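A.B. asks: The chain contents come next:
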Amino acid sequence: MSRLETTLEAAPGEPMVLNMGPSHPATHGVLRLVLELDGEMITRATPEVGYLHRGDEKIAENMTYTQFIPYTDRLDYLAPLANNVAYALAVEKLLGIDQQLPPRCQFIRVICCELARVSSHLLGLGCFAMDCGAMTVFLYTFTEREKIYNLIEALTGARFTTTYTRIGGLSRDLPPGWTDQMRQFLQEVPVTINEVETLLTRNRIFIDRTQGVGVLSREEAIDYGVTGPNLRASGVEYDLRQAHPYLVYPQLDFEIPVGTTGDCYDRYRVRMEEMRQSIRLLHQCLDLLPEGPINVPDGKVVLPPKDKVLTRMEELIHQFMLVTEGVNAPAGEVYFGAENPKGELGFYICSQGGGTPYRLKIRSPSFVAVSLLPFLLQGRMISDVMAIVGSLDFVMGECDR
Amino acid sequence: MTALELAQELRQAFGDFMAEPVEFRGEITLKLGEASKIAEVCHHAKHQLGFDYLVDISSVDYYGDDPRFTVVYELYSYQHRCHLRLKTAVSEEKSELPTVTTVWRGAEWHEREVYDLMGIKFAGHPDLRRVLMWEGYPDHPLRKDFPLSGRSSQVPEVAFSRPAPLEGGPFVTQPGGRDAGEREPRVRTPEEER
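Top line first, the protein sequences correspond to chains A and B. When the first sequence is numbered by my numbering, its final residue is 401 and no position is left out of the sequence of numbers. When the second sequence is numbered by my numbering, its final residue is 1194 and no position is left out of the sequence of numbers.
Hints should not be assumed to be uniformly reliable.
Unchecked claim - Here are the computed distance ranges between Cβ atoms for each label pair:
hint, chain 1, residue 1, chain 2, residue 2, range
1, B, Glu-1005, A, Asn-150, 46 to 52 Å
2, B, Pro-1067, A, Pro-176, 56 to 62 Å
3, A, Glu-255, B, Asp-1065, 31 to 37 Å
4, B, Leu-1004, A, Leu-139, 52 to 58 Å
5, A, Thr-179, B, Tyr-1063, 47 to 53 Å
6, B, Pro-1147, A, Arg-202, 53 to 59 Å
7, B, Pro-1067, A, Glu-146, 50 to 56 Å
8, B, Pro-1147, A, Glu-237, 43 to 49 Å
9, B, Lys-1094, A, Glu-153, 49 to 55 Å
Treat the hints as calculated values from the structure; they're not laboratory data. This one's a predicted model, so the numbers in the text were calculated from it and none came from an experiment. Beta carbons are placed, not taken as given, at the ideal position from N, Cα and C, and that holds for glycine.
If we strip away everything but chain B, and leave its shape as in the complex, we get:
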């Protein structure tokens, strides 16, 4: 079966919550309107339609829109040899959706990464800790309102709050000087984008 046929089947099972499948560059994207249904949809996709390989979970921050976040699941079926993308939007106030670790064990670290870098929580996750940033780090760096140059950490005794080892070098922010955000000509802020 092709990805489009499988997407249509998935849509039949969850018709009320699913938008029409969108095709772009040969890839099928299905948008799920109700984020709380994502675990059920994924369970159905894996066990009824054969999407046994979870390629990746990523997240997009549409800063300024409501709902703000979109979580993107890339699924693959070894049996049908096809790829399907599932998307669902999550609002900033809620910032939470059900975990899919019960469907694929491989989702555990992908969800930890989304939580770490974007700050979206996964209800029912067995071990929702930061993965790339350190424990106790206050921000979620992939959010659009987090500056490219970083923020000084509020946590004492971490590398950020002490002088950098290259202080005085050409690429290091000087105390009292222009910060990296101003010196960097490429920097893009969400306010400019709109």
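So that you can see chain A by itself, here it is in the shape it has in the complex:
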């Protein structure tokens, strides 16, 4: 009898409970995992969430639609620009003005979404690789991410809390020289992506840690309602930008990367390719970017220009009504889902008319991704927890709301 067998036989059959988090570097925020272990094997995993619950949906019921925009920054705080766009589009759908947005506004919003996607995936992949032991990748991706944050700061005045969109438009136009900085960045970022690719894609250790780990089949992914890159890694070719296009996505040329097995390695590959497609989209947007207004020409939706407010009666009334009462939305209910970096971020707005939502529900892709964990972790080794959690790439700010 070998030494290993003796120890296993001698060990009592009692399961051990291991508490991982809520403060753990690999849990991407404050997620607590209660793991029941048999040796190194996980027999049951129970995620405990809610440590970042701020009651955003309750808060939304007590303020105007415009006042809620800053709260959307804090949902998926790694892609605030994309959240701003998704929320603005949801309210505009309720108002029925989503088809009237000026072309320049739509192009700038697409630039925002894709910039946010590159930034979110860079962080997601960097952390994923670091959780699997590849520290270098993290430093490479964070260098590029820093450049994106400089661009975002030039665009919105803030690095993280962007609050860039308004109902019916944008808070301001692109600053002078911004597109040149953007083109410079688009020249540099593919170099880093290629370097990350050479560091990871055929890296033996990384492949051993991720291939065949956390397999989510096509049927299971649909049954659990998984969205975004995690769904596409399982082989479902579904992207809201293509299936139900919004903004100017139909005019742009891009591909939807799809995985085959739905393991951690496929999720990594899908995100890598999505970044390349986003860069393609950004190039096209910069080439096609038209001149013109950035706001809907409707004084009852967008704040009128300041010089007119100070000189004309009608604009003064509009300004006063918008600031005190908010946009006058019709009664009704809408759901709008946007393809965010983490998956389908949806807003269900139930309006009874007036400037405040009666009920606003946030459909968060990270909440669904976390609900997968008991299923994906059961029967796996404890070292796989990092790989699986890292590859799902969820954010607790959005999960807990």
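Please arrange chain B on chain A, whose structure you already have, making use of the hints.
C.D. replies: Chain B only, in chain A's frame:
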């Protein structure tokens, strides 16, 4: 098939309990009169009509109305590429309807969230615990009669019942002073709304 055609088919199967489909901003909403039938309807929608993706479950509190709550199911069909909304009303006395976790496994956490924040129970749910608030929390914060400023917890030894770490700061309620509900100019109470 379009969402309207699928909605009509669903209505044919459960005609007695379904209202006419309503269209608003290109979305179809079907209202189910009998909440206890929701699991059957969802099962039919998934297996006969191809609504294989449950996008979300949300709930609305129509405070002061009877029945008080409405549970809203957002369905999506990958095959037909269309979206359908199912709604059903639940009274406050009953506050319970059948679970749809048997139809979509993804419903488990969505139903836990509705239970946690709105206090509607789901019969047959495998693990109906709170999800965002902590175990033992007494209230359901998304109900309209729950104040925006929150309530002091009755449960000892939780963060709420001890002085807040920022006590004395500009955004913290002072003992004996005006509470957050009075200081907050935006606060909306259900009584004012009516």
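A.B. asks: Next, verify each hint and record whether it holds.
C.D. replies: Hints, one by one, checked against the model:
1. The hinted window of 46 to 52 Å between Glu-1005/B and Asn-150/A holds, with their beta carbons roughly 51 Å apart.
2. Distance hint for Pro-1067/B and Pro-176/A: a CB-CB separation of about 57 Å, consistent with the stated range 56 to 62 Å.
3. For the pair Glu-255/A and Asp-1065/B, the beta carbons lie near 49 Å from each other, so the given range of 31 to 37 Å is not met.
4. For Leu-1004/B and Leu-139/A, the Cβ-Cβ distance of about 53 Å falls inside the hinted range of 52 to 58 Å, so the restraint holds.
5. Between Thr-179/A and Tyr-1063/B the Cβ separation comes to about 50 Å, which falls inside the hinted range of 47 to 53 Å.
6. Checked against the hint of 53 to 59 Å, the pair Pro-1147/B and Arg-202/A passes, with Cβ atoms roughly 58 Å apart.
7. Taken as a hint, the range 50 to 56 Å holds for the pair Pro-1067/B and Glu-146/A, whose Cβ atoms sit roughly 53 Å apart.
8. Checking the proposed 43 to 49 Å range against Pro-1147/B and Glu-237/A shows it holds: the Cβ atoms sit about 47 Å from each other.
9. Our hint of 49 to 55 Å for Lys-1094/B and Glu-153/A holds, since their Cβ atoms are close to 53 Å apart.
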